[in-house]
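Work out the full structure: start from the sequences and follow the hints.
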Amino acid sequence: MTSDIPPIPAPRVRFAPSPTGYLHVGGARTALFNWLYARQTGGTFVLRIEDTDKERSTEAHTQVILDGMSWLGLDWDEGPLFQGEYADRHRADAERLLAEGKAYRDYLTAQELDGWREQAKAAKIPFRFNRQAMALSADEVARRQAAGAPYAIRFAVPDEEIAWTDAVHGRISWQGRDLDDFIILRSDGSAIYNLAVVSDDIAMAITHVIRGDDHVSNTPKQIALYRALGQEPPVFAHVPMILGTDGKKLSKRHGATAVGDYQDQGILPAAMRNFLALLGWSPGNDDEIVTMEEMIARFSLEAIQSKPAVFDPAKLEWMNGQYLSMLPAIELHDPVVRQLERMGVNWHDAALDPIIDAVKARARTVTSVAEQVATRLPGATVVRDAKGEALVAKMGEQFTTCLALARAALAAVPPGDWQLAPLEAALKETAEREGLKLGDVMQPVRVALTGGTVSEPVNELLAVVGREESLRRMR
RNA sequence: GGCGCUAUCGUCUAGAGGCCCAGGACACAGCCCUCUCAAGGCUGGAACACGGGUUCGAAUCCCGUUAGCGCUACCA
1 MTSDIPPIPA PRVRFAPSPT GYLHVGGART ALFNWLYARQ TGGTFVLRIE DTDKERSTEA
61 HTQVILDGMS WLGLDWDEGP LFQGEYADRH RADAERLLAE GKAYRDYLTA QELDGWREQA
121 KAAKIPFRFN RQAMALSADE VARRQAAGAP YAIRFAVPDE EIAWTDAVHG RISWQGRDLD
181 DFIILRSDGS AIYNLAVVSD DIAMAITHVI RGDDHVSNTP KQIALYRALG QEPPVFAHVP
241 MILGTDGKKL SKRHGATAVG DYQDQGILPA AMRNFLALLG WSPGNDDEIV TMEEMIARFS
301 LEAIQSKPAV FDPAKLEWMN GQYLSMLPAI ELHDPVVRQL ERMGVNWHDA ALDPIIDAVK
361 ARARTVTSVA EQVATRLPGA TVVRDAKGEA LVAKMGEQFT TCLALARAAL AAVPPGDWQL
421 APLEAALKET AEREGLKLGD VMQPVRVALT GGTVSEPVNE LLAVVGREES LRRMR
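Residue 346 in the numbering used here sits at position 346 of the first sequence, and the numbers go up by one each step.
Check the hints yourself; a few may be wrong.
Listed below are the simulated DSBU-like cross-link pairs for lysine-lysine, each with C-alpha atoms no more than 30 angstroms apart in a straight line [to be verified]:
1. LYS437 with LYS394
2. LYS307 with LYS249
3. LYS307 with LYS54
4. LYS54 with LYS249
5. LYS315 with LYS252
6. LYS54 with LYS252
7. LYS252 with LYS307
8. LYS307 with LYS124
9. LYS249 with LYS315
Bear in mind the hints are in silico, worked out from the structure with no lab data behind them.
All figures in this text were calculated on a predicted structure; none of them were measured in a lab.
Pasting the structure below:
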């Protein structure tokens, strides 16, 4: 006997940003969740650019969004599709609703609508669109119709309960009477967001709508539209907002909000992805560093937190540091080169990877790795920092003496032995012979080579900077 | 104002009635390690918003209060 349970169709999800700005971390996380869900279920991830706001949408923004997603490793299976190309279908859907009596023509002009608004304001009651009270007389409608006056199409919201089981929030319900009859088609024939979204999601056979919490109040309107269009609504999952440290919605005044900003700051995509995933979602245990594979395997919409999360840059940096020390230098090569180029550093002909390896354990960002790499390149100018200066002052005469001692010992190391063990031995022997503390000989070398008092172990530093350059810097 | 959502350490969170006088991580403080700084290890302070129920028993279920957020456009 074969099973007669029909196969569950593979989910189709979408990320639908509007190209009116950069890819923000909130959008990036929404995209991530959609992507994770698609990858876990073997579903399809559709990328749709909602460019119907022609005033604010630009191609440059679209490109930035695409770049941001690629950087994060979020590949899409279909698209990018552009909402602007489906205007005919949107209009047809509106006309159909009109023909079926589920929507109606609204001949009210902007001025007349404003008049109602002012009236409400004067009476100190909130403005609501009222189908009966604001209706034009039949004669007036006929007159405007005959004159070919422009009209918008309004959806007649049915007075009934509209409820759904949100995959992250559980049951949410609204009353149709709390919703105004909203416009679905402007008088210029273009669709309003709520209609465009529903029309597209139906046409693209989207099964799960995973989007930001700011859309929950659009959901009842959209469900009403699905019903009116004779379609079953998809599963909705509303993921919480991301807040700034002050508990307010994350915005520019909180600093970097675009994923490109973090790329520039030297955050690794893997760290960003991990951090974003854990902002609102948890694998259910105490794991912090979660690989992509684990995320895909363990992801679930139900495990998404229903309250907003504060974006903590300090934790992002910590996580980035974890990835930095975990990743082999070869994988850091390109990001470091990118930063070096941003810094205008000539790195060509230098063997970067050994330096990256020596330096990455002490950095939390790629930028900081690049800065350290730059100072270890041959010919780099050594600038003493405050701590380096302080050490020189503190040691006084001894600084020069110890440095000379160290230099002599190191100069005696044959080029072929310029390696970790012999270098360390040379320095230790010198300290012992002269009755000096190890630090007294190590620190001056460190300051001479880097300008500061902080670096990898001195023998590694010497190895990475090279014999000739090291001796030159100690002169 | 109306409607909706939300409420565990400063922050991210674990927790789906007894395993919790609440666990982990970031941040913070101290100690260890150590040529410096990271890393790592150890230790410490730090939370179930409030009030009522339900129950033998509630961080967990219900109701209310308070607070925060979202929406309330011919924007998306």
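Straight-line Cα separation of LYS437 and LYS394 no greater than 30 angstroms?
With a Cα-Cα distance of about 15 angstroms, the restraint between LYS437 and LYS394 holds, given a limit of 30 angstroms.
LYS252 and LYS307 were given as a pair; does the straight-line alpha-carbon distance stay at or below 30 angstroms?
Distance of about 22 angstroms is within 30 angstroms: holds.
Taking 30 angstroms as the top limit, are the C-alpha atoms of LYS307 and LYS54 close enough?
33 angstroms, violated
Compare the distance between the alpha carbons of LYS315 and LYS252 with 30 angstroms, and conclude whether the hinted pair is satisfied.
With a Cα-Cα distance of about 19 angstroms, the restraint between LYS315 and LYS252 holds, given a limit of 30 angstroms.
LYS249 paired with LYS315 [C-alpha distance capped at 30 angstroms]
19 angstroms, holds
Taking only the CA atoms, is the gap from LYS54 to LYS249 under or equal to 30 angstroms?
25 angstroms, holds
What's the verdict on LYS307 and LYS124, does the C-alpha distance respect the 30 angstroms limit or exceed it?
Distance of about 33 angstroms is beyond 30 angstroms: violated.
Assess, step by step, whether the Cα of LYS307 is no farther than 30 angstroms from the Cα of LYS249, and give holds or violated.
This hinted pair holds, its Cα atoms lying about 13 angstroms apart.
Does LYS252 lie within 30 angstroms of LYS54 when you go C-alpha to C-alpha?
Measuring from Cα to Cα gives roughly 23 angstroms; hence the hint holds.
Violated hints, in rising order: 3, 8; the structure is consistent with all others.
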